[in-house]
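S.K.: Each protein sequence line maps, in turn, to chains A and B.
Sequential numbering of the first sequence, starting at 23, is according to our numbering.
Sequential numbering of the second sequence, starting at 23, is according to our numbering.
There's no promise every hint is true.
You can't tell identical chains apart in this list, so a pair holds if it fits in one copy or across any two.
To be verified - Derived pair list, reagent style SDA-like, types lysine to any residue, alpha-carbon separation capped at 25 Å:
(1) Lys188 / Asp237
(2) Lys188 / Tyr176
(3) Lys300 / Tyr176
(4) Lys217 / Glu246
(5) Lys269 / Thr138
(6) Lys217 / Met256
Keep in mind the hints are simulated off the structure, nothing from the lab.
Protein chains: 2
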Amino acid sequence: MKEIKIFAPATIANLSCGFDILGLALDHVGDEMVVRMSDEKGVRITKIIGQDLPLEPHLNVAGIAAMALLSNLEVDHGFEIEILKNIKPGSGIGSSAASAAGAVWAINKLLGSPFTPTELVNFAMEGEKLASGIAHADNVAPALLGGITLVRSYEPLDVIKLNVPKDLVVTVIHPQIEVKTATAREILRSHVTLKDAIAQWGNVAGLVSGLFMEDYDLIGRSLEDKIVEPVRSMLIPAYEAVVEASKNAGALGCGISGSGPSIFALSKSALDAENIKKAMENVYSNIGIPYDIHISPINQSGIKKI
Amino acid sequence: MKEIKIFAPATIANLSCGFDILGLALDHVGDEMVVRMSDEKGVRITKIIGQDLPLEPHLNVAGIAAMALLSNLEVDHGFEIEILKNIKPGSGIGSSAASAAGAVWAINKLLGSPFTPTELVNFAMEGEKLASGIAHADNVAPALLGGITLVRSYEPLDVIKLNVPKDLVVTVIHPQIEVKTATAREILRSHVTLKDAIAQWGNVAGLVSGLFMEDYDLIGRSLEDKIVEPVRSMLIPAYEAVVEASKNAGALGCGISGSGPSIFALSKSALDAENIKKAMENVYSNIGIPYDIHISPINQSGIKKI
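Bound-form chain A, shown alone:
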């Protein structure tokens, strides 16, 4: 019986100004999964450790994504999936994306890689649709491809890997409150002013330029979101205080990770990241909110065999 054990990284979508288009993969934070070929056709989720999530494949993002892949291929086998779930659902660091992307990556590998990375993004997006109601790609793309990814368009799907400045480090704090992606999306306005939109695409262009030029100051100046952050940050306790403390501790810039409630900061050294971690912890300790916190460089290769 063929099986594969993989690591599926946590991801940070949006990256402040890059709402719905940018995302990055973390290196030290993520789920583990074992995917096993079986004689019985179909997809079975046999075990989930760490979180209370449905085992029924049609109610589980990994199951949905796996079935989306298999519906595009004639195959005589089935697949069993075990998930060691380290990423908490609703944390905003791509919990559903890791499961969905991990499942399709592993099955594709076991089948001899019949699908391209972009095709895998498409299948994994079906899992995201179950989780949030929208088949978005800004978490599954960096999970599958690694690094920092741009989803330029959805029709057709056009995913581009951007340059990752080598010293970039992420600090991300997860206050232990749950914000559903669907809720975080509902509160957004359907229209924005042209003026704010122009400021936003100026910052997006600045951020992308900063990544390619490895200009850390430019990256920092560009991490400004005039459209989504002012609305969504209201759902996150002490958001402004965490951002201010992080910047004072050396963060290039900060933002809401995905739809929140996690908050990320980018910095240009591990030392800065440690100082930012302390500053973030300090804010939540003072107001008595429990949290998880992670420091990680950027994962250049995405999901990998372990």
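Model the placement of chain B on the given structure of chain A, informed by the hints.
M.R.: Same frame as chain A, now just chain B:
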């Protein structure tokens, strides 16, 4: 008496999806100016050849920009400006920007370069304010700095030079009708849908990535404007026909140059640019609209002494 003769390039602002933030400088198209130090204080425009434009400095973009510079410096001299105006006002290829940028660049040079390029952009923007009512920088920045520029923000002014893929060539056609920048701005909507805004910043991010990666196909795919082009193109005769013919002739993509009526196409070779030129000419010849047309590589250095 010290004097300097300069070439001030025509520029293409917006570059489709990059409304109000992106611009590039042309290499073979532009104005010539002579700027001369004089004992009499103040700014005088002594001669304008080629176009009927006001000589009064406070009614002329070059005069306004020059005075903005001089108001920031104690100087015992005055300056005389002569302009050989090759770029037609209202063409959409940065006629006012060339005059404004040329004036401040030349005076700065004659004074021993007391100001930085970004400061010069600020002074030249004062000229743009006279021309269009808004102190925009997306033409004066590429005129002054050369290449392809990003105006990330205005407050504070943050201008970034992007990478220019070496084979990129511009074809730009100017149908001989006038579209005032102010009019072209008035017809824009003050609000846009979040959906369109996301598509736009996806394309902006794609275009900037394509420039840095020198990925010509990605540049082409990203030259899509869902917000401004659908409105402004109504002011330009046979806009869709010119775009379609250009793409069929090998254009990577097209857009409105500045606020129009000029239409630009980017291509990855001089041969493609020639074919695009013929295709564009063909459209306007058939419907009997007179035009100017130019082919140019991208000017890497901006305004220069000649």
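S.K.: State for each hint whether it applies.
M.R.: Hint by hint, here is what the structure shows:
Proximity of Lys188 to Asp237 under the C-alpha cut-off of 25 Å is found in both arrangements, the shortest distances being 11 Å within a copy and 22 Å between copies. In this assembly of identical chains, Lys188 and Tyr176 lie within 25 Å of each other by CA distance neither inside one copy nor across copies; the values are 29 Å within and 29 Å between. When the C-alpha separation of Lys300 and Tyr176 is checked against a cutoff of 25 Å, the pair qualifies neither within a copy, at 39 Å, nor between copies, at 34 Å. In the homo-oligomer, the alpha carbons of Lys217 and Glu246 lie at most 25 Å apart both inside one protomer (14 Å) and across protomers (19 Å), since each shortest distance falls under that limit.
In the homo-oligomer, the alpha carbons of Lys269 and Thr138 never lie at most 25 Å apart, since the shortest distance is 39 Å inside one protomer and 28 Å across protomers. Taking the shortest Cα distances, Lys217 and Met256 sit within 25 Å of each other both inside one copy (22 Å) and across copies (22 Å).
Hint violations for this structure: numbers 2, 3, 5, all remaining hints satisfied.
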